[in-house]
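On the provided structure of chain A, position chain B as indicated by the hints.
Those protein sequences? They're chains A and B, same order as listed.
Under numbering that gives the first Met the number 0, the first sequence is numbered contiguously, ending at residue 500.
Under numbering that gives the first Met the number 0, the second sequence is numbered contiguously, ending at residue 254.
Don't read these hints as lab results, they were simulated from the structure.
Glycine included, every Cβ here is placed at the ideal spot set by N, Cα and C.
Incorrect hints may have been included.
Which residues of chain A face chain B? A few of them, derived with a C-beta cut under 8 Å, are [claimed, not checked]:
1. Val351
2. Leu405
3. Glu408
In silico contact screen, one side only, chain A against chain B (beta carbon under 8 Å); selected entries [what the hints assert, rightly or not]:
4. Arg375
5. Pro379
6. Asn399
7. Pro401
8. Pro406
9. Thr412
10. Ala413
11. Ile416
12. Phe417
13. Ala420
14. Asp469
15. Val481
16. Glu498
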Amino acid sequence: MLYAGVHLPNFPAQAALRNDAEARQKPFAVVAGTPPQVRVVALNSHAKKMGLWVGMTKADAETQSSVKIRERLVRLESLAHAALQDCLAGFSPWCEDVAPDLFVLDISGLSNLMGTPVQIAKSIREQARTFSLYIKIGVAHNIDSAIHAARLTKNVLVLPTGGEAEILRDAPLEILEATPEILGILHRWGIRRFGQLAALPELALSERLGQEGLRLQRLTRGISTRILSPTVPSMAFEEEMEFDHSVEDLKSLAFVFHRLLGQLVLRLATRALAAGEIHLTLHLDLAADGVTAKEPFFTRTLKLPVPSVDVTLLLKLLQLDLEAHPPGAPVMKVVLHIEPMRPRVVQNGMFVPQGPEPQRLELTLAKLRRIVGEDRVGSPELMDRHLPVPFRMANFTPSNSPSRKLPAEVSQTAVRIFRPALPTSVEKVRGTPRRVRFSGKSYQVSHASGPWRRSGEWWTRGHWGRDEWDLVLVSGDNKRIVVRAYRDLVTGHWSVEAEYD
Amino acid sequence: MRNAANLRVQVESMLESRIPSALTPKIKPPLESMSCGISDIDRFKAFGRGTLVEICGAPSTGRTTLLHGLLAQCTAGGEAAAVIDTSDTFDPVSASQSGVVLREVLWVRCGVPRNQGRALSRLDQALGAIDLLLQNGGLGLIALDLANVPIRDARQIPLSAWFKFRRAVEDTRTLLVVLAQQPNAGSSSATMLDVSQSSVEIEESDKPSVEKHIDGDCLIRTLRNRAEVLRGQMTKPVRSVRTIGEFSTSLYSYR
Numbered sequence: 000m001l002y003a004g005v006h007l008p009n010f011p012a013q014a015a016l017r018n019d020a021e022a023r024q025k026p027f028a029v030v031a032g033t034p035p036q037v038r039v040v041a042l043n044s045h046a047k048k049m050g051l052w053v054g055m056t057k058a059d060a061e062t063q064s065s066v067k068i069r070e071r072l073v074r075l076e077s078l079a080h081a082a083l084q085d086c087l088a089g090f091s092p093w094c095e096d097v098a099p100d101l102f103v104l105d106i107s108g109l110s111n112l113m114g115t116p117v118q119i120a121k122s123i124r125e126q127a128r129t130f131s132l133y134i135k136i137g138v139a140h141n142i143d144s145a146i147h148a149a150r151l152t153k154n155v156l157v158l159p160t161g162g163e164a165e166i167l168r169d170a171p172l173e174i175l176e177a178t179p180e181i182l183g184i185l186h187r188w189g190i191r192r193f194g195q196l197a198a199l200p201e202l203a204l205s206e207r208l209g210q211e212g213l214r215l216q217r218l219t220r221g222i223s224t225r226i227l228s229p230t231v232p233s234m235a236f237e238e239e240m241e242f243d244h245s246v247e248d249l250k251s252l253a254f255v256f257h258r259l260l261g262q263l264v265l266r267l268a269t270r271a272l273a274a275g276e277i278h279l280t281l282h283l284d285l286a287a288d289g290v291t292a293k294e295p296f297f298t299r300t301l302k303l304p305v306p307s308v309d310v311t312l313l314l315k316l317l318q319l320d321l322e323a324h325p326p327g328a329p330v331m332k333v334v335l336h337i338e339p340m341r342p343r344v345v346q347n348g349m350f351v352p353q354g355p356e357p358q359r360l361e362l363t364l365a366k367l368r369r370i371v372g373e374d375r376v377g378s379p380e381l382m383d384r385h386l387p388v389p390f391r392m393a394n395f396t397p398s399n400s401p402s403r404k405l406p407a408e409v410s411q412t413a414v415r416i417f418r419p420a421l422p423t424s425v426e427k428v429r430g431t432p433r434r435v436r437f438s439g440k441s442y443q444v445s446h447a448s449g450p451w452r453r454s455g456e457w458w459t460r461g462h463w464g465r466d467e468w469d470l471v472l473v474s475g476d477n478k479r480i481v482v483r484a485y486r487d488l489v490t491g492h493w494s495v496e497a498e499y500d
Numbered sequence: 000m001r002n003a004a005n006l007r008v009q010v011e012s013m014l015e016s017r018i019p020s021a022l023t024p025k026i027k028p029p030l031e032s033m034s035c036g037i038s039d040i041d042r043f044k045a046f047g048r049g050t051l052v053e054i055c056g057a058p059s060t061g062r063t064t065l066l067h068g069l070l071a072q073c074t075a076g077g078e079a080a081a082v083i084d085t086s087d088t089f090d091p092v093s094a095s096q097s098g099v100v101l102r103e104v105l106w107v108r109c110g111v112p113r114n115q116g117r118a119l120s121r122l123d124q125a126l127g128a129i130d131l132l133l134q135n136g137g138l139g140l141i142a143l144d145l146a147n148v149p150i151r152d153a154r155q156i157p158l159s160a161w162f163k164f165r166r167a168v169e170d171t172r173t174l175l176v177v178l179a180q181q182p183n184a185g186s187s188s189a190t191m192l193d194v195s196q197s198s199v200e201i202e203e204s205d206k207p208s209v210e211k212h213i214d215g216d217c218l219i220r221t222l223r224n225r226a227e228v229l230r231g232q233m234t235k236p237v238r239s240v241r242t243i244g245e246f247s248t249s250l251y252s253y254r
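Chain A on its own, in the form it takes in the complex:
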């Protein structure tokens, strides 16, 4: 068996900086603790160069004005942890979640695909870089040695079988999972390296430190019987970013969305999944001027008709949606959550008509909604209700499958509906319209067919009733049109509802 220990050094700082490329280029420190004992727990290399160190107080760190200081956020760390887990899932399904900053994965059998253990480790490191994570990898034939190698090395360390003790000889005892008491005793004895502990006589060590001492000694000798217990990766795909100052301009948010969506899509892609639904939550700054929002949180949900991993498409859809539904206040924090779905795999038949490409169509529909209105784009769907024109707008999702029933010869006159119906003044003779006037024009009625009484929904508040007439109208220039007019039974008003064409 071959195992790779994956360690995320400087974890709190990496988690805080993962989605903030700008801050990575500047001195940065993460602080934690309760006042007044708030201390630096992690920092980047720029901050180290300025003389900052882990353990110094926040007050001391703040004396360096150019250093950006942020509170430690466990939530960001859990997101970074989930991202690394997704990254590793792309290499092996046998992955154990040892600690927030440590994983072990079984890489046996990967050599046929990816080469030597060093090449495998480098591939994992490269993939982690695309997730904006810097990792160290140790490869060994047992789990504990792989973990120790990962903690010891600066990038990649491969331990050969039987050579673990020799290579780990100078490793500090701090990388062992020993209790502080035992570590203190060993330090008092002057034992600070793996090699020193490995060389101690077993009996004497057992008499002084018990079975725990012997276990630690075996670890320093590269001997371990630990079995991998794989962890099932979570299906929660979420990323967030908090701003130092609230953002008013929605266009500026596009950069943030792009960054977060890029990360999420990358995670989905490594798990062979796609985005089925996007939930956006914006934390708003209600204290700013000119705010129209009432709630501190603004949420939007985008349901995609076809699962997608196209960042440009998802970004454009989010932008169009936010333009149509602005949050109404400056944004303090962005949280993006994606509901994963299996990507749609379609093989078009040779004789199936080619339809619009689903992802592109969704973007076009979003743009159309922006032009004509939210509920004015889609497919008409007939409803089984007693309404004058019973239909509703449904999502346009073409099936691209030919209908089994071929259309017959067209024999029915089409109708054009005026929305809203045109108010009409009517002159009647013996109850029949003889002259009508609508849209500023007068018409002589040459033939009138009716009345046809229609009503519906009388069992609800939306009840309606009308006497309908089909009228052949002749205009002043002797042109003939055929229309459908009606008299409302409630109001008694006449209207022209439709034209036969």
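Below, chain B without anything else, positioned relative to chain A:
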């Protein structure tokens, strides 16, 4: 002329290895024509894919019936179609009764002026929508319904826009149909179908006049219409054609 022909042959033979038939216009394969479900009109082969076709006429002349026929044939074949409804007059009920598969129809209902506070006219919305749909591609039929747009307003669409639409559908399988009261696209339309009303058939009640309870005791049975192809550029060289056909449609099913 003879010299010119000789020169052409000479140039073509010199370029033959690099550009075959360099000076001979490429013969386009005949365009597949879409059926509108009315045999008397189908024989014109007026609705060629990859072209812009105008159906022009006054109200109650069968323009919308032709459109429903085209939509029915297109959607029954499994192709998606779009209706850009400038005046929001599309009737899904009568379309469905004509055989249109509604789930394959994208209905863009222009009308509410809104775009980030900027008011767009119905016509501007329709032109924006058609631009987007032509870019998207993959649709078998796109119909731009300007039938209820005043002639004056429809005339304001620049010729360059029609030319752009024609170029966008060229060499695709999309048929672009424009319903209007008068032709607007000029030479950009491959076919211009002028429809007019011939007659309206009325079925009078056979009851004596004294027995009729009211005067509306009759039934409007049929609309008879005439369609004339005023221009057809389906074949090269371009030639003007005038072909006339008749079709009648029934209102019977509504009553």
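How the hints compare with the structure:
1. The closest approach between the C-beta of A:Val351 and any C-beta of chain B is roughly 7 Å, which is under the 8 Å cut-off, so the hint is satisfied.
2. Interface restraint check for A:Leu405: the shortest CB-CB distance to chain B comes to about 6 Å, inside 8 Å, so the restraint holds.
3. Using the Cβ-Cβ criterion of 8 Å, the hint placing A:Glu408 at the interface with chain B is satisfied: the shortest such distance is roughly 6 Å.
4. Evaluation of the A:Arg375 hint against chain B yields a held restraint, the C-beta minimum of about 4 Å falling below 8 Å.
5. Interface restraint check: A:Pro379 against chain B, minimum CB-CB distance 4 Å, threshold 8 Å, status holds.
6. Interface restraint check for A:Asn399: the shortest CB-CB distance to chain B comes to about 5 Å, inside 8 Å, so the restraint holds.
7. At its closest, the beta carbon of A:Pro401 sits 4 Å from a beta carbon of chain B; the interface hint therefore holds under the 8 Å criterion.
8. Interface restraint check for A:Pro406: the shortest CB-CB distance to chain B comes to about 3 Å, inside 8 Å, so the restraint holds.
9. Interface hint at A:Thr412: satisfied, since its Cβ lies 4 Å from the closest Cβ of chain B, which is below the 8 Å cut-off.
10. Satisfaction of the interface hint for A:Ala413 is found here, the shortest Cβ-Cβ separation to chain B being roughly 4 Å, below the 8 Å cut-off.
11. Restraint check, A:Ile416 versus chain B: the minimum CB separation of about 5 Å is within 8 Å; hint holds.
12. Interface restraint check for A:Phe417: the shortest CB-CB distance to chain B comes to about 7 Å, inside 8 Å, so the restraint holds.
13. This hint is violated: A:Ala420 has a C-beta 12 Å from the nearest C-beta of chain B, more than the 8 Å allowed.
14. The interface hint given for A:Asp469 holds, since its Cβ lies 5 Å from the closest Cβ of chain B, which is under the 8 Å cut-off.
15. Evaluation of the A:Val481 hint against chain B yields a held restraint, the C-beta minimum of about 5 Å falling below 8 Å.
16. Because the closest C-beta pair between A:Glu498 and chain B is about 6 Å apart, less than 8 Å, the hint holds.
Taken one by one, the earlier hints fail for this structure only at number 13.
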